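If you want the building blocks of each chain, they are given just below.
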Amino acid sequence: MKNIVIIAFALLIFSFASCRKKLDIDIPETEKHIVLNGIINPDSIISVRVTKSKSVLDNNEIQNLSDADVKLFKDDEFVEELQFSDIGYFYSSIKPEINTNYKITADYSGLKSVSAEINLEESPLINKTDTLIQMKIYDYGDGLSDTTYEIHFDLQYKDNGGTDDYYFLSIFQLIPVFDFTDTGMVFTGYEEYSGYFDTTDPVLNKENSEFYLDGMNGRVFSDELFNGNSYTLSFTTFYQNYGGYYDKKNIKTEEYPGMFVIKLLKVSEAIYNYIFSYNLNQNSTEDPFAQPVQVYSNVKNGLGIFSGYTMTSDTIVMNNPEK
Amino acid sequence: MRKVLFSLFILLLVNSNVFSQKFTISGYVVNSESGEKLIGAAVYNPDAVNMGTIANSYGYYSITLPKMKLKIAASYVGYTTEFVEFELTKDTVINFSLKPGNELEEVEVYGKKTEAQKTEMGKINVPVKTIKTIPALLGEVDVLKAIQLLPGVQSGTEGTSGFYVRGGGPDQNLILIDGVPVYNANHLFGFFSVFNADAISEVSIIKGGFPARYGGRLSSVLDIRMKEGNLKKFSGSASVGIISSKFTFEGPIIKDKTSFLISARRTYIDVLSLPIQKIYLNKNSPGTKSTSGYFFWDINAKINHKFSDKDRVYLSVYTGKDKAYSKFEDTWEEFVDEFNSNLKWGNITSAFRWNHIIGKKLFANTTLTYSKYQFGVSLSEKSTDTKKNEFDEFAFDYDSGIEDYGAKVDFDYNPSINHNIKFGFNYIYHTFSPGIQAFHVNSNQENSKIDTTFGNSDIYANEYYLFAEDEMKIFKNLKANIGVHYSGFYVSDTLYQSVQPRISVRYLVNPQWSIKAAYTKMEQYLHLLTNTTIGLPTDLWLPVTNNILPQKSTQYAFGSAYFYKGFDFSIEAYYKTMNNMIEYKEGASFVSGFGEEGESARAWENKIETDGKGTSYGIEFLVKKNIGKTTGWIGYTWSKTDRQFSNVSFGEPFPYTYDRRHDIGIVVTHKFNEHIDVAGTWVYGTGNAVTLAYESYQALNQFGQFYGPDYTEDNIVDHIERRNNFRMPAYHRLDLGVNFRKQKKYGKRTWSVGAYNVYNRKNPFFLRFGRDDNGERALFQYSLFPIIPSVSFKYEF
Numbered sequence: 013m014k015n016i017v018i019i020a021f022a023l024l025i026f027s028f029a030s031c032r033k034k035l036d037i038d039i040p041e042t043e044k045h046i047v048l049n050g051i052i053n054p055d056s057i058i059s060v061r062v063t064k065s066k067s068v069l070d071n072n073e074i075q076n077l078s079d080a081d082v083k084l085f086k087d088d089e090f091v092e093e094l095q096f097s098d099i100g101y102f103y104s105s106i107k108p109e110i111n112t113n114y115k116i117t118a119d120y121s122g123l124k125s126v127s128a129e130i131n132l133e134e135s136p137l138i139n140k141t142d143t144l145i146q147m148k149i150y151d152y153g154d155g156l157s158d159t160t161y162e163i164h165f166d167l168q169y170k171d172n173g174g175t176d177d178y179y180f181l182s183i184f185q186l187i188p189v190f191d192f193t194d195t196g197m198v199f200t201g202y203e204e205y206s207g208y209f210d211t212t213d214p215v216l217n218k219e220n221s222e223f224y225l226d227g228m229n230g231r232v233f234s235d236e237l238f239n240g241n242s243y244t245l246s247f248t249t250f251y252q253n254y255g256g257y258y259d260k261k262n263i264k265t266e267e268y269p270g271m272f273v274i275k276l277l278k279v280s281e282a283i284y285n286y287i288f289s290y291n292l293n294q295n296s297t298e299d300p301f302a303q304p305v306q307v308y309s310n311v312k313n314g315l316g317i318f319s320g321y322t323m324t325s326d327t328i329v330m331n332n333p334e335k
Numbered sequence: 012m013r014k015v016l017f018s019l020f021i022l023l024l025v026n027s028n029v030f031s032q033k034f035t036i037s038g039y040v041v042n043s044e045s046g047e048k049l050i051g052a053a054v055y056n057p058d059a060v061n062m063g064t065i066a067n068s069y070g071y072y073s074i075t076l077p078k079m080k081l082k083i084a085a086s087y088v089g090y091t092t093e094f095v096e097f098e099l100t101k102d103t104v105i106n107f108s109l110k111p112g113n114e115l116e117e118v119e120v121y122g123k124k125t126e127a128q129k130t131e132m133g134k135i136n137v138p139v140k141t142i143k144t145i146p147a148l149l150g151e152v153d154v155l156k157a158i159q160l161l162p163g164v165q166s167g168t169e170g171t172s173g174f175y176v177r178g179g180g181p182d183q184n185l186i187l188i189d190g191v192p193v194y195n196a197n198h199l200f201g202f203f204s205v206f207n208a209d210a211i212s213e214v215s216i217i218k219g220g221f222p223a224r225y226g227g228r229l230s231s232v233l234d235i236r237m238k239e240g241n242l243k244k245f246s247g248s249a250s251v252g253i254i255s256s257k258f259t260f261e262g263p264i265i266k267d268k269t270s271f272l273i274s275a276r277r278t279y280i281d282v283l284s285l286p287i288q289k290i291y292l293n294k295n296s297p298g299t300k301s302t303s304g305y306f307f308w309d310i311n312a313k314i315n316h317k318f319s320d321k322d323r324v325y326l327s328v329y330t331g332k333d334k335a336y337s338k339f340e341d342t343w344e345e346f347v348d349e350f351n352s353n354l355k356w357g358n359i360t361s362a363f364r365w366n367h368i369i370g371k372k373l374f375a376n377t378t379l380t381y382s383k384y385q386f387g388v389s390l391s392e393k394s395t396d397t398k399k400n401e402f403d404e405f406a407f408d409y410d411s412g413i414e415d416y417g418a419k420v421d422f423d424y425n426p427s428i429n430h431n432i433k434f435g436f437n438y439i440y441h442t443f444s445p446g447i448q449a450f451h452v453n454s455n456q457e458n459s460k461i462d463t464t465f466g467n468s469d470i471y472a473n474e475y476y477l478f479a480e481d482e483m484k485i486f487k488n489l490k491a492n493i494g495v496h497y498s499g500f501y502v503s504d505t506l507y508q509s510v511q512p513r514i515s516v517r518y519l520v521n522p523q524w525s526i527k528a529a530y531t532k533m534e535q536y537l538h539l540l541t542n543t544t545i546g547l548p549t550d551l552w553l554p555v556t557n558n559i560l561p562q563k564s565t566q567y568a569f570g571s572a573y574f575y576k577g578f579d580f581s582i583e584a585y586y587k588t589m590n591n592m593i594e595y596k597e598g599a600s601f602v603s604g605f606g607e608e609g610e611s612a613r614a615w616e617n618k619i620e621t622d623g624k625g626t627s628y629g630i631e632f633l634v635k636k637n638i639g640k641t642t643g644w645i646g647y648t649w650s651k652t653d654r655q656f657s658n659v660s661f662g663e664p665f666p667y668t669y670d671r672r673h674d675i676g677i678v679v680t681h682k683f684n685e686h687i688d689v690a691g692t693w694v695y696g697t698g699n700a701v702t703l704a705y706e707s708y709q710a711l712n713q714f715g716q717f718y719g720p721d722y723t724e725d726n727i728v729d730h731i732e733r734r735n736n737f738r739m740p741a742y743h744r745l746d747l748g749v750n751f752r753k754q755k756k757y758g759k760r761t762w763s764v765g766a767y768n769v770y771n772r773k774n775p776f777f778l779r780f781g782r783d784d785n786g787e788r789a790l791f792q793y794s795l796f797p798i799i800p801s802v803s804f805k806y807e808f
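In the order they appear, the protein sequences are chains A and B. Under our numbering, the residues of the first sequence are numbered 13 to 335, in order. Under our numbering, the residues of the second sequence are numbered 12 to 808, in order.
By construction, these hints were calculated from the structure, which means they are not laboratory data. Hints are not guaranteed to be accurate.
[Claimed, not checked] Computed list of lysine-lysine pairs in DSBU-like fashion (alpha-carbon distance at most 35 Å, straight line):
(1) A:K124 / B:K596
(2) A:K312 / B:K596
(3) B:K33 / B:K338
[To be verified] Distance windows between CB atoms, simulated:
(4) B:Y575 / A:E43: 53 to 59 Å
(5) B:Y501 / A:E43: 40 to 46 Å
(6) A:E236 / B:D408: 31 to 37 Å
(7) B:I253 / A:K124: 42 to 48 Å
(8) A:K107 / B:E620: 54 to 60 Å
(9) A:D142 / B:E401: 35 to 41 Å
(10) B:F450 / A:N241: 50 to 56 Å
(11) A:N113 / B:E620: 32 to 38 Å
(12) B:Q655 / A:Y224: 32 to 38 Å
(13) A:N139 / B:Y497: 58 to 64 Å
(14) B:I253 / A:Y224: 26 to 32 Å
[Stated by the list, open to error] Here are a few chain A residues that sit away from chain B, every Cβ distance over 10 Å (derived from the structure):
(15) D171
(16) T195
(17) S246
(18) T249
Since we're looking at a predicted model, the values are computed, not measured. Cβ atoms here follow ideal geometry from the backbone N, Cα and C, with glycine treated the same way.
Could you build the full structure based on these sequences and the hints that come with them?
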């Protein structure tokens, strides 16, 4: 809605600014950096990706630094050298523990050595999750119908006092899958989807907070409005019972209820800063009048982000409101 | 210390009065053909250096001299000088009527008050005649674009009217029309300014050495005075150009007592394109009715009445509006969809002024002012099922603006030849409306109706100032303008106050050559929230608050002026510091001024950085010629300006976007004869500072690790090292114009033919990375205006 001003202005500008010319000026050649990227958690082996930055006009692919010397330190003590694997990552042999400092260093000939560290904190505790389900049935006749559920969640948890804490909220849907057979439909299992949620919660509803973190779609937020207190996060999502659409007569879909897994992650400040700056950077590349934004990095002498999270989840089974 | 200064001041004031008997000569200097005042005309004794004065902003002068046999002259550029010889034995009123001269003759105006003799620094008067002759984009004469050609004044984005003075921002310019501030001086997203040159009599800009009577902005005062209306006879003009038409009409209501002036213009691309839009729609979408367009108009009007030689009143009004609109109606069987959108903004400013001569030496001017700037967006959508009589409708409105009521009284007191004292006060009541949104949803199907209003609430503020200044002769060749400007701003239970000393000193080495210096402190209580630097109507004027402090600046200037054979040479160096500037936080969108749903009333305060510092220094050269067949100026500026915010670019200083090392403006007009004159301008400026990535890298894989080693082309981000680290290519452009004039039976007609960007320079508008024809990544420059020819026709009677 509010974009009408930009649209009107952009139309005007682009109707004039039709003249595009490739510039033959040299862009200063700057020193290249080692780029270290990795997000760790207590359930996975520590791994990082190590690449090299390139000149902005370099059309070659990003170079994987597979020969880099990548070391892992635990509470400042050397643990092991990470091994490069075929899938482009350096792997350690251990999973990280909480309240322990992990440092990665990477060296590569001709580039400045880099390092980054993370201390995983304890995962947050979810006190309770309340749900309110509203449904809308779309009846197509002949026993075929499609039901959409709007589910409102109230998730309550307590924040640690005295520290600035950062979180990431993500929601997954477990949707029952059915196969067509000659005798009708057969339940084959659940498929997991990283879902989307809507919110008007002032803590969650912030521009540029949405992100896919380690394959989880969600929003990052801070405790600045409720530091040290209990807080109830409010958000809404939708669920469609496709099973009912296919064959309502033969399958009792309530026997295979949909499920939601709510994942609340305790993330580092680095991740919080990274997500906002990354989103701002991406938005600013679309708008020729916005100032470009630097993406946050916690890698000393290099670029990228090495950080981590701990997670608590809560599974909610959809009680069929049709009953 | 203060007591000593005060005593010195009083001593200087009285010393010249006590030793001999003195008398005052006073009166107005006017144009003999129209009766209009000549602001800044020089009144002086041609036989004695330093025995003279300058008519004030209302054309009034007053000079006190000892009893003597005297020759006194009044002169004004482009007018014949008048002389009077008499014996001064009593207070005398002499009103000078100067005849517009024949500028074809290269005569040196005898005893002209040259730039060298003036005490003021950093002030440039631009003759309206020159402004009208300068070739302009699409033939639309523009005061602000002429101002941009002066040294120390820089243009912003290509083609726009925004200007940047000595490293200051666009919000730091006080733009006055007949003494009333104009908040948004732009038409058509900044490509044209709101000032119609046909209605203007005087344009001057002050860049430094501000006299104490001005305040409220850090970097410049652009003082534009409207014509008063011809007191002697009816006259007017009408013109037709590529984008607009305008007319001006003026004349006496009661001869020599009351006169009026009205000038109006309107663009007409919307009207002309209407039939084309209709034909196109009838051919391609028969069921659709649609119109869209854009226009702006403005009107300047003024009435002045002379009650007596002592009392005159003036009422002047400017109003203008821009509107972009789109209407759409689509009918398909029984379904009708309607869509309406509007984007509009505009100013109204008005001033009621009363000039009163209290005594021969004391002149008073009282002004009541009103000004309002409003911006609005509206959108509505309606779907109707005419058979079932069902409808859904949705409407959205957004409004923001600023409204001022003001009162001002200022006095001119000329106790002796050695003192010209000005003092007065000013009060403004501001209402800021940073943005109100209203939603309306209605449907007879779902029986739902919503009417919601939310957004930033109004802010009220009181601003006032008191000032006193004395332009005094200290020694034979040493003059100074010393003053103080005290101001206050009361908002949200917080009072900000400041005392701003202003000093300008001029030492006359000889009648043609002077050395000048100035020191000024300025304070500004208003901020402009913008990050486009374009001058969009969405830019918001906001007051200081408990958290956002007033902007402050200190400027030192040093210079010299020299007059030689009709040429004014000047050189000025300056050093300026600015504090408490604001800027959007990194990455904040330029529509963030709109209050978001659920945000607090003053949400904008959280979106800005408030601790900005700026430093600017430079040196300006100007050679100017205002008389003769060939007139114009050459200006060159070398300057450096930067900004520093603790949360931007790691807290380190970075170059300001319009940090321009070299800036050249050349304006030449030449009159061959009464029928043909030509004009040309050439501008050059170092490229703007922009932020550009030099390095790219792969960001964090957001989807886990399943992409494998081939995942090398996705999620590449450009690494920004520093703010404004790169220079765009230099900007330069040549504009040419020719005017063909011919005297007809009932008046004079003028054909103006011109071209903007004659050698079709592809100047940079913005830079962006993209892919070339071979799919390779490259840096592209986008340009706005190629060569643009223009033609216009004008008839004056």
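Here's how the hints hold up against the structure:
1. A distance of roughly 31 Å separates the Cα atoms of K124 of chain A and K596 of chain B; the hinted pair therefore holds under the 35 Å criterion.
2. The suggested pairing of K312 of chain A with K596 of chain B holds, with an alpha-carbon distance near 25 Å, which does not exceed 35 Å.
3. The straight-line distance between the Cα atoms of K33 of chain B and K338 of chain B is roughly 72 Å, outside the 35 Å bound, and the hint therefore fails.
4. Between Y575 of chain B and E43 of chain A the beta carbons are some 55 Å apart, a value that agrees with the proposed interval 53 to 59 Å.
5. In this structure, Y501 of chain B and E43 of chain A break the distance hint of 40 to 46 Å, their C-beta atoms being roughly 54 Å apart.
6. In this structure the hint that E236 of chain A and D408 of chain B lie 31 to 37 Å apart at CB holds, the actual value being about 33 Å.
7. Between I253 of chain B and K124 of chain A the C-beta distance comes to about 58 Å, which lies outside the given range of 42 to 48 Å.
8. The hinted window of 54 to 60 Å between K107 of chain A and E620 of chain B is violated, with their beta carbons roughly 42 Å apart.
9. Take D142 of chain A and E401 of chain B: their Cβ atoms lie about 37 Å apart, and the range 35 to 41 Å holds.
10. Range check, F450 of chain B to N241 of chain A: about 33 Å between beta-carbon atoms, so the 50 to 56 Å window is missed.
11. Against the hinted window of 32 to 38 Å, the Cβ-Cβ separation of N113 of chain A and E620 of chain B comes to about 33 Å, which satisfies the hint.
12. Evaluation of the 32 to 38 Å hint for Q655 of chain B and Y224 of chain A yields a pass: the beta carbon distance comes to about 36 Å.
13. The hinted range of 58 to 64 Å is satisfied by N139 of chain A and Y497 of chain B, whose Cβ atoms lie roughly 60 Å apart.
14. Distance hint check for I253 of chain B and Y224 of chain A: the Cβ-Cβ separation is about 52 Å, which falls outside the suggested range of 26 to 32 Å.
15. Distance check for D171 of chain A against chain B: the nearest CB is about 21 Å away, which clears 10 Å, and the non-interface claim stands.
16. Remark: the non-interface label on T195 of chain A is consistent with the geometry, its nearest Cβ contact in chain B lying 36 Å away (cut-off 10 Å).
17. The beta carbon of S246 of chain A sits about 12 Å from the closest Cβ of chain B, which is more than 10 Å, so the claim that it is off the interface holds.
18. Under the 10 Å C-beta cut-off, the non-interface status given to T249 of chain A relative to chain B holds; the minimum distance is some 19 Å.
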